[in-house]
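Participant: Using my numbering, read the sequence shown as starting at 11 and increasing by one per residue.
Everything labelled a hint here was simulated from the structure, so no lab data went into it.
There may be inaccurate statements among the hints.
[Claimed, not checked] Straight-line alpha carbon distances no greater than 20 Å define the calculated EDC-like cross-link-like pairs of lysine to aspartate or glutamate that follow:
| no. | residue 1 | residue 2 |
| --- | --- | --- |
| 1 | K165 | D183 |
| 2 | K299 | E235 |
| 3 | K165 | E142 |
| 4 | K165 | E187 |
| 5 | K165 | D218 |
| 6 | K261 | E286 |
| 7 | K299 | E284 |
| 8 | K261 | E278 |
| 9 | K299 | E286 |
| 10 | K165 | D118 |
| 11 | K261 | E235 |
| 12 | K261 | E232 |
| 13 | K343 | E296 |
Keep in mind the model is a prediction, meaning the values are calculated, not measured.
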Amino acid sequence: VLGSPTLKGSGPCSCLPVSLALDSINTGPMGSLQHCCCQLPKMGDTWAQLPWPGPPHPAVLLISLLLAAGVMPSDAGTSCPVLCTCRNQVVDCSSQRLFSVPPDLPMDTRNLSLAHNRIAAVPPGYLTCYMELRVLDLRNNSLMELPPGLFLHAKRLAHLDLSYNNLSHVPADMFQEAHGLVHIDLSHNPWLRRVHPQAFQGLVQLRDLDLSFGGLAFLSLEALEGLPGLVTLQIGGNPWVCGCTMEPLLKWLRNRIQRCTADSQLAECRGPPEVEGAPLFSLTEESFKACHLTLSLDDYLFIAFVGFVVSIASVATNFLLGITANCCHRWSKASEEEEI
11 VLGSPTLKGS
21 GPCSCLPVSL
31 ALDSINTGPM
41 GSLQHCCCQL
51 PKMGDTWAQL
61 PWPGPPHPAV
71 LLISLLLAAG
81 VMPSDAGTSC
91 PVLCTCRNQV
101 VDCSSQRLFS
111 VPPDLPMDTR
121 NLSLAHNRIA
131 AVPPGYLTCY
141 MELRVLDLRN
151 NSLMELPPGL
161 FLHAKRLAHL
171 DLSYNNLSHV
181 PADMFQEAHG
191 LVHIDLSHNP
201 WLRRVHPQAF
211 QGLVQLRDLD
221 LSFGGLAFLS
231 LEALEGLPGL
241 VTLQIGGNPW
251 VCGCTMEPLL
261 KWLRNRIQRC
271 TADSQLAECR
281 GPPEVEGAPL
291 FSLTEESFKA
301 CHLTLSLDDY
311 LFIAFVGFVV
321 SIASVATNFL
331 LGITANCCHR
341 WSKASEEEEI
């Protein structure tokens, strides 16, 4: 490090040159290293394995001393964002009226809270550098969607809170590669009307899923049957349409009701009219009996015969009405001629 005027990062990010101009050090405030994914060599490295660089440059020597004294950001990226508090790998930026996510976080962040702000979007690749992230709290913001692949590098993420936002759908790749997720909260998203059948694919460790108080009228069985570890499922407060398409999901829930805790008291049907207001979990196989009615050959023949008879009767009735009307007309005309 001491033998080179600059440092180059590895991976998707790169670092600002370490060898700052000596004039800028003498005439103004010292600049800071750019937030990046690369890491500086640690003091514990075996210096004997490094080639002797010769006499160090004064500026490089000064920066090395500042790094050792803790004046400048170290390789852990411990700088805390403005308006946030950082302690013990916990970054709290909640309730700060933020309109965007903070651009720079400590590299070893494990718990990030951005709750109770006005954040409308998260930039793509925002979590790329934070490999240690375990908890992400984005509740009570203005999020309408998340960028694809946001969690590709957040393989240790276990708890995700997206409640009280404006999400309209959950796409198939929303939680891609986030296989460590244990808890997902999507509640109180009033515009949430669609969950892709493969939205939770691969989340075998998921135990708690909250989809309550949204705008869901239907949920595919495929979205849940690939979650073997699911323990708690919250789906109440949605305008469920309990038609024939909901039968597979309800049958699956009835079979898992003892192993999967659900908010059965809050889940109600909003349609069709004959079951409006009925608890979702009160519907039995008898409730969907009409969905399985099939007609035999005799039934089809009887319907065809009845249709034929009705058609003949209709034609005969029309014929008789026509004759009657014609006779009445002739009789009326003949009566008028006699009077004259």
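Participant: Return the numbers of the hints above that this structure violates; sort them in rising order.
Facilitator: 2, 13
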